[in-house]
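Colleague: These protein sequence lines map, in sequence, to chains W and L.
Letter by letter, the first sequence follows residues 42 to 308 of my numbering.
Letter by letter, the second sequence follows residues 3 to 407 of my numbering.
Note that these hints are calculated values from the structure, not bench results.
Hints may be right or wrong, so weigh each one.
Pairs of lysine to any residue, SDA-like flavour, derived with a Cα cap of 25 Å [claimed, not checked]:
1. W/K89 with L/E139
2. L/K111 with W/G67
3. L/K76 with L/Q213
4. L/K77 with W/S287
5. L/K192 with L/E10
6. L/K119 with W/V85
7. L/K124 with W/N184
8. L/K77 with W/G67
9. L/K119 with W/V91
10. L/K111 with L/Q144
11. W/K273 with L/E236
12. W/K279 with L/R396
13. W/K89 with L/K76
14. W/K126 with W/L139
15. L/K111 with W/L139
The primary structure of each chain is shown beneath.
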Amino acid sequence: MPAYTLENNPLALIGRFTIFLVQELGRAGIFFFRGFLLIFSLPVQLGKIVQQVYFIGMKSMLVICLTGAFTGMVLGLQGYYTLTKFGAEGFLGSAVALSLIRELGPVLTAIMIVARAGSAMAAEIGIMRISEQIDALETMDINPIRFLFSPRLAAALISFPLLTAVFDVIGIFGGFLSGSLLLNVSQGIYFSRVESSVLMQDINGGFIKAIVFGAVVVTICCYQGYMTHTRKEGFGAKGVSQATTSAVVISCVLVLIVDYVLTSFLL
Amino acid sequence: MTEPPLIELVDVHKRFGDNVVLDGVNLHIYAGEVTSIIGKSGVGKSVLLKHIIGLMTPDSGSILFSGRPLSSMKKTERRELKRKFSYMFQGSALFDSMTVYENVALPLKERTRLRDKEITRKVQDKMEALDLHGIDENYPSQLSGGMKKRVALARALVTEPEIVLFDEPTTGLDPIRKNSVHGMIAEYQKRFGFTGVIVSHEIPDIFYISQRVAMIDEGRIFVEGTPEEIQSSEDQVVQGFIHGLAEPKVELAGMASRREGKRRFKEELARGERFDIPFTILVFTFENLEELVERFGHEAGQNLLTRFVELIHGRLRITDTCFRFSADRIVLILAGTEPGAAETLLTDLADEVRQAGLADKPRKDGFCLSVQAGIVEGKKGESLDQCVAEAEARHRRFAEFFLCQ
Chain W
42 MPAYTLENNP LALIGRFTIF LVQELGRAGI FFFRGFLLIF SLPVQLGKIV
92 QQVYFIGMKS MLVICLTGAF TGMVLGLQGY YTLTKFGAEG FLGSAVALSL
142 IRELGPVLTA IMIVARAGSA MAAEIGIMRI SEQIDALETM DINPIRFLFS
192 PRLAAALISF PLLTAVFDVI GIFGGFLSGS LLLNVSQGIY FSRVESSVLM
242 QDINGGFIKA IVFGAVVVTI CCYQGYMTHT RKEGFGAKGV SQATTSAVVI
292 SCVLVLIVDY VLTSFLL
Chain L
3 MTEPPLIELV DVHKRFGDNV VLDGVNLHIY AGEVTSIIGK SGVGKSVLLK
53 HIIGLMTPDS GSILFSGRPL SSMKKTERRE LKRKFSYMFQ GSALFDSMTV
103 YENVALPLKE RTRLRDKEIT RKVQDKMEAL DLHGIDENYP SQLSGGMKKR
153 VALARALVTE PEIVLFDEPT TGLDPIRKNS VHGMIAEYQK RFGFTGVIVS
203 HEIPDIFYIS QRVAMIDEGR IFVEGTPEEI QSSEDQVVQG FIHGLAEPKV
253 ELAGMASRRE GKRRFKEELA RGERFDIPFT ILVFTFENLE ELVERFGHEA
303 GQNLLTRFVE LIHGRLRITD TCFRFSADRI VLILAGTEPG AAETLLTDLA
353 DEVRQAGLAD KPRKDGFCLS VQAGIVEGKK GESLDQCVAE AEARHRRFAE
403 FFLCQ
């Protein structure tokens, strides 16, 4: 029987992985808090925040509209065929609106923004790291977290809820399109069900999720880029590609995990 | 030196994993001087520089500023100190998603509360001083290597720092640009009086622009002093080091290579243009070297050449270059020398050749290698080949070497 050393002992492996996980979590947490506090440091970087809102928010509009519309439409179809089995197709409006506002809106919006803006952030900051641009900022006595991360975080906190709202509205119209115009749910019933079933509480819950997702996604993506140089298995361009990949994967997984946790608290 | 150093590194150690990079570095940097840190690639020069500006912290040892250790300073004091620094990165480290103008203006925009107009004026001033015209709106990726370096230099100098750290400012530049970057550093240092620290392996160029030189090897500074002290040091290690770094440039018979010679020619040309310093080109042509080789073999030819070049070297200053232009031509570039002075050198050299017994009276069975010499002043707009051709046109008999079978 081979002797266990610290290298191959399975318990040690678990321990090492746990320590690594906790360390990373701690670092990312500190990164987030520093970035968040620095949003409010004077002078507020309004120009940069607006620029990032444009990048994260405005430029994601098309993607969000498309995904929102088709998500709503497919919900309309699926909902209709399921609900007719119980003769409850009149509830299609409620089903579409609630699932969108409470779950699909925030989650799908977050994942779409990860794909569109999050990957770009990780790659951009990663390249700045490996080409010493972040070191250059430090030598100029410019706080790189304030300069690079804070405006993106602020912009995400602003644009995630707004994009989620757009997603929800377009999705509800998508459901209407497939449910009422293509199939036979009456238009009046669809919208009256939407109105009567959606409570302010649902909308608030959706927004809270959107804000939390925004913070999580941008923190993970920027953090991965920012820490590109500490990767042990990849340097240079390879490091950037790995940072981008892990930024996207970790963000998406975390969005779903956080969604579950938040839902259990919000319900 | 009686006044205390501005920056002092005391017994600084740094290791990355098992790799010991700095192994007890002691270094003194004095205010208002340019200090060069020279050493081979990968011996920790850049790491040393990053310690000075605080991008890295030492594992042990301390870094003192005006006698006070960095580690004992408060955060605000450290920031205050950091603002006096500028750092020019090896790879320029320009922000590639910003225009040239935005790059240069960034330190002012972020760190000061100057008005936009004032910032524009300062940026324009610096860019004009560094010959950067009409590229405000370009992005760094659209610039050549030399331009990037100059933009980086402009960015480093725009805040009017007290201490500027240069990490291999000339790596990857062509000779003229290299020389002009060195010239710029020296000129700006005089004009603004900043304290400069240059990490480089440009020997001997770096000797001309620095007041102090420190050599680093195996994680330690093993010699520190003025360029003169170091160049005239009789320490074998130091000499080996200087020549070791310069070695790849040296060819056959202790002569520089033709490429190196061309590089020096361009440098002298650029220097002449900027500071109006004359330089002279001396061409020695061996008329029948081929015949010599045929009759006496390669070795004899080489021996004769080597002895001749040794004599030339004895007369050269460190700023002069002697290189083999072609198989039968040796070219000397005499920096800062008028043709008249070159004439004197030639006469002296001829005497010496005779005294050394290289040029004896002709013997009956002997073979006579005839050497011609021509002098021409280096002129703007002429290539090295043109200069050599011109010098050859003014050839006169210099000496005749005789060899016996």
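Colleague: Run every hint past the structure and note whether it holds.
Modeller: Checked hints:
1. Taking the CA atoms of W/K89 and L/E139, the gap is about 19 Å. The hint holds against a cut of 25 Å.
2. Annotation: proposed proximity of L/K111 to W/G67 is violated, straight-line Cα distance about 33 Å (limit 25 Å).
3. A distance of roughly 32 Å separates the Cα atoms of L/K76 and L/Q213; the hinted pair therefore is violated under the 25 Å criterion.
4. Restraint check for L/K77 and W/S287: the C-alpha separation of about 35 Å exceeds 25 Å, so the hint is violated.
5. Between the alpha carbons of L/K192 and L/E10 the distance comes to roughly 22 Å, so the proposed pair stays at or under 25 Å and holds.
6. Of the pairs offered as hints, the one joining L/K119 and W/V85 holds, with about 21 Å between alpha carbons and a cut-off of 25 Å not exceeded.
7. At most 25 Å may separate the alpha-carbon atoms for a hinted pair to count; L/K124 and W/N184 meet this at roughly 23 Å.
8. Between L/K77 and W/G67 the CA atoms are separated by roughly 23 Å; this keeps the pair inside 25 Å, and the hint holds.
9. A threshold of 25 Å between alpha carbons decides the hint, and for L/K119 with W/V91 the separation of about 23 Å falls inside it, so the pair holds.
10. Between L/K111 and L/Q144 the CA atoms are separated by roughly 23 Å; this keeps the pair inside 25 Å, and the hint holds.
11. A hinted pair counts as satisfied when its Cα atoms are at most 25 Å apart, and W/K273 with L/E236 does not qualify at roughly 45 Å.
12. Between the alpha carbons of W/K279 and L/R396 the distance comes to roughly 61 Å, so the proposed pair goes past 25 Å and is violated.
13. With a C-alpha separation of about 31 Å, the suggested pairing of W/K89 with L/K76 is violated against the 25 Å cut-off.
14. Taken as a hint, the W/K126 and W/L139 pair is honoured in the structure, with Cα atoms around 20 Å apart against an allowance of 25 Å.
15. Restraint check: the Cα-Cα separation between L/K111 and W/L139 comes to about 48 Å, which exceeds 25 Å; the hinted pair is violated.
Of the numbered hints given earlier, the model fails hints 2, 3, 4, 11, 12, 13 and 15; all others are met.
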